[in-house]
Amino acid sequence: MPIAFENVSHTYSAGTPYEYQALRNINLEITEGKMTAIIGQTGSGKSTLVQHLNALLLPDAGIVHILDRDIKAGEKAKKLKALRGEVGLVFQFPEYQLFEETIIKDVAFGPKNFGCNEEEATKRAKEALKLAGMDESYFEKSPLELSGGQKRRVAIAGILAMDPKVLVLDEPTAGLDPAGTASMMALFSKLNKEMHKTVLMVTHDMENVYTYCDDVVVLEKGQVKLHGTAREFFSDPKKCRELNILPPYIVRMKEMLNEKGFDIPESVVNMKELADYIAKEVK
Amino acid sequence: MGNFTLGRYLPLDSPIHKLDPRAKIMAMLLLLITIFFPAGWIGYGVIFVCVSVVIILSKLSVSFIWKAMKPMLFMLFFLLVINALVLKTGTVLFTIGSWSLYSDAVFQTLYIAVRLLLMIMITTCLTATTKPLEMTLGIEDLLSPFQKIGLPSHEIAMLISIALRFIPDLIDETTRIIKAQESRGVDMKEGKLMERVMAILSLIVPLFVSAFQRAEDLANAMEARGYAPGLPRTRYKQLEMKKQDWFLLACCGVLMGVIIWIAWFR
Chain W
1 MPIAFENVSH
11 TYSAGTPYEY
21 QALRNINLEI
31 TEGKMTAIIG
41 QTGSGKSTLV
51 QHLNALLLPD
61 AGIVHILDRD
71 IKAGEKAKKL
81 KALRGEVGLV
91 FQFPEYQLFE
101 ETIIKDVAFG
111 PKNFGCNEEE
121 ATKRAKEALK
131 LAGMDESYFE
141 KSPLELSGGQ
151 KRRVAIAGIL
161 AMDPKVLVLD
171 EPTAGLDPAG
181 TASMMALFSK
191 LNKEMHKTVL
201 MVTHDMENVY
211 TYCDDVVVLE
221 KGQVKLHGTA
231 REFFSDPKKC
241 RELNILPPYI
251 VRMKEMLNEK
261 GFDIPESVVN
271 MKELADYIAK
281 EVK
Chain E
1001 MGNFTLGRYL
1011 PLDSPIHKLD
1021 PRAKIMAMLL
1031 LLITIFFPAG
1041 WIGYGVIFVC
1051 VSVVIILSKL
1061 SVSFIWKAMK
1071 PMLFMLFFLL
1081 VINALVLKTG
1091 TVLFTIGSWS
1101 LYSDAVFQTL
1111 YIAVRLLLMI
1121 MITTCLTATT
1131 KPLEMTLGIE
1141 DLLSPFQKIG
1151 LPSHEIAMLI
1161 SIALRFIPDL
1171 IDETTRIIKA
1181 QESRGVDMKE
1191 GKLMERVMAI
1201 LSLIVPLFVS
1211 AFQRAEDLAN
1221 AMEARGYAPG
1231 LPRTRYKQLE
1241 MKKQDWFLLA
1251 CCGVLMGVII
1261 WIAWFR
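Sequences listed follow chains W and E, in order.
Each step along the first sequence adds one to the number in the working numbering, with nothing skipped, and position 16 is 16.
Each step along the second sequence adds one to the number in the working numbering, with nothing skipped, and position 2 is 1002.
There may be inaccurate statements among the hints.
To be verified - Calculated cross-link-like contacts (lysine to any residue; reagent style SDA-like; alpha-carbon spacing at most 20 Å):
1) LYS1192/E with ALA82/W
2) LYS1067/E with ALA14/W
3) LYS280/W with PRO265/W
4) LYS197/W with ALA186/W
5) LYS1067/E with THR16/W
6) LYS151/W with LEU1207/E
7) LYS197/W with GLU171/W
8) LYS1067/E with TYR18/W
9) LYS130/W with LYS190/W
10) LYS151/W with GLY180/W
11) LYS1067/E with PHE1048/E
12) LYS151/W with PHE1212/E
13) LYS1189/E with LEU80/W
Unchecked claim - Simulated restraints, written as ranges between beta carbons of each label pair:
14) GLY175/W with PHE1146/E: 40 to 48 Å
15) ALA174/W with LEU1143/E: 40 to 48 Å
16) ILE1167/E with GLU266/W: 51 to 59 Å
17) SER13/W with LEU1151/E: 33 to 41 Å
18) ARG24/W with ALA1221/E: 36 to 44 Å
19) ILE1167/E with GLY175/W: 24 to 32 Å
20) SER13/W with PHE1146/E: 33 to 41 Å
21) PHE1074/E with GLU119/W: 44 to 52 Å
22) SER1061/E with GLY175/W: 36 to 44 Å
23) ILE1112/E with GLU101/W: 43 to 51 Å
24) LYS221/W with VAL1254/E: 51 to 59 Å
25) LYS1018/E with SER235/W: 50 to 58 Å
Honestly, the hints are just simulated from the structure, not real lab data.
Bear in mind the structure is a predicted one, so any value in this text is a computation, not a measurement.
Even glycine gets a Cβ: it sits at the ideal position worked out from N, Cα and C.
Working from the sequences, and respecting the hints, build out all of it.
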């Protein structure tokens, strides 16, 4: 059973002057095994949408289908804990959730909550930390001693150690330097391509979406404006701009060159290929 | 967290919202003192009518006041139980076995309930119609005469406004950390003792870390803009008492006089 939203709406602080409808009648089906980006402007409902995936938020109307479970509006949901083990949600700036004395203990906290014994949890924690690119020499240190980027790796490892089938990330690269961003994205790509996890990612970084993601969902004012493959979406820069999304550099570059009389083929997807193509044409 | 109404500001457009915060704070103090005069049911009836008029003018809904009152119900119930066990005066209402309920126990509890309701109505009316920033400006002004005897009124007001300013931030932060830890399988509502201790630790530690971080950032930002306590400062927003502010105070004064008069001749 895939991940699907059926007429889902969500309103914050209903019945008060602060009432705010974040999601309006969402219908969406996410393909399993793909890496999907959820994009849209601030306040478009991206974070609200992803928090429905592990039932941190429950729909006010409609049904959320996720991993052979149905979460219906108005129905008291049971056994949410098991679902949260299967859908790993990494919040924005997850480094704030670290609290244990040592890194290894903090990462083992998740698996222990889902019923692993001490030994098994530590084993999983070690694997997750290595996967996230943390060296063994750090394992016994306090998480508070680390740099911002390292803290984030540890926090993400804390979710990976739960071995979720679906990984949901809310702006995982916000505030990281370019090198940190690239290695973080490489990690998610590896989890998706090699370990076959479904990855959903909220992001503002179109370069990452273009380079790493298969599918794109565009949200605007709590509604789905577009759902399709990333390639197709970015092949039409005009449409991107209509949805208030600035296309990535390479797409804009191709657009400008095409206006000047070039005819760059669709197959050119990065700067190096573009440079090679131009060099060949101009010769 | 979103259901917490006691002490929350409601951004509505009403004549009460536009009053000077100093007048509102003084009026609240006068009314709170007035409640404690033993003027009997007639007196409370008069106060209730007056406060209701203010609440209607301020466009607050009955349900908002009721929500603020709700947390107190448990306390009142507790009080009723104690009164029922202790007070043995008045007429017997009914008897179960060797224990009987006396009318004074019920009346005493009702009396306190009415006082509490009035107090909550009055304070809610102040906090719901006054922006936290205006409130601290008002407090600062009202405290300034005490500067002569060494009371640092500006610092006190600054402390209050910083504390108030951080409440919504910390509430947001708390909900965020709870969600993040729930995503890691923490159950904040149930579990064995050891699990609950871990659950609370997993909330408290990150909350403290981020609160200290915020405090440091704010201190740096204030210092970078040349803030030093104790120096004379000017203000962007000047408070000014208008006719309607004096009218409010006059009304409260008259009400207080009437209540004292009722209490005197009772």
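To see whether the hints hold, each was checked on the structure:
1. As the CA atoms of LYS1192/E and ALA82/W are separated by approximately 18 Å, the hinted pair is consistent with the 20 Å bound.
2. Our distance criterion of 20 Å between C-alpha atoms is met by LYS1067/E and ALA14/W, whose separation comes to about 15 Å.
3. Only pairs whose Cα atoms come within 20 Å are accepted, and LYS280/W paired with PRO265/W is accepted, the gap being roughly 13 Å.
4. For the hint linking LYS197/W to ALA186/W, the alpha-carbon distance of about 14 Å falls within 20 Å, and the restraint holds.
5. With a C-alpha separation of about 12 Å, the suggested pairing of LYS1067/E with THR16/W holds against the 20 Å cut-off.
6. For the hint pairing LYS151/W with LEU1207/E, the CA-to-CA distance comes to about 16 Å; that is within 20 Å, so the pair holds.
7. This hinted pair checks out: LYS197/W and GLU171/W have alpha carbons roughly 18 Å apart, not beyond 20 Å.
8. With a CA separation close to 16 Å, the supplied pair LYS1067/E and TYR18/W stays within the 20 Å bound.
9. Annotation: proposed proximity of LYS130/W to LYS190/W holds, straight-line Cα distance about 13 Å (limit 20 Å).
10. A C-alpha spacing of about 12 Å is found between LYS151/W and GLY180/W, which places the hinted pair at or below 20 Å, so the restraint holds.
11. Pair hint LYS1067/E plus PHE1048/E holds up; C-alpha atoms about 18 Å apart against a cutoff of 20 Å.
12. Between LYS151/W and PHE1212/E the CA atoms are separated by roughly 17 Å; this keeps the pair inside 20 Å, and the hint holds.
13. Straight-line distance between C-alpha atoms of LYS1189/E and LEU80/W comes to about 13 Å, which keeps the hinted pair within the 20 Å bound.
14. At about 46 Å, the beta-carbon gap between GLY175/W and PHE1146/E stays in the expected band of 40 to 48 Å.
15. With their beta carbons about 43 Å apart, ALA174/W and LEU1143/E fall inside the hinted range of 40 to 48 Å.
16. ILE1167/E and GLU266/W have their C-beta atoms about 54 Å apart, which keeps the hinted 51 to 59 Å range intact.
17. Between SER13/W and LEU1151/E, the C-beta spacing of about 39 Å keeps the proposed range 33 to 41 Å intact.
18. The given range of 36 to 44 Å is respected by ARG24/W and ALA1221/E, whose C-beta atoms sit roughly 38 Å from each other.
19. One distance hint, 24 to 32 Å for the beta-carbon pair ILE1167/E and GLY175/W, holds here, with the actual separation near 25 Å.
20. Taking 33 to 41 Å as the suggested C-beta distance range, the pair SER13/W and PHE1146/E conforms, at roughly 39 Å.
21. Between PHE1074/E and GLU119/W the CB atoms are about 45 Å apart, so this pair conforms to the stated range of 44 to 52 Å.
22. A C-beta distance of roughly 41 Å is found between SER1061/E and GLY175/W, which places it inside the suggested range of 36 to 44 Å.
23. Between ILE1112/E and GLU101/W the Cβ separation comes to about 48 Å, which falls inside the hinted range of 43 to 51 Å.
24. Judged by the Cβ atoms, the range 51 to 59 Å given for LYS221/W and VAL1254/E holds: they are separated by roughly 52 Å.
25. At roughly 56 Å, the beta carbons of LYS1018/E and SER235/W sit within the given window of 50 to 58 Å.
Of the numbered hints listed earlier, not one is contradicted by the structure.
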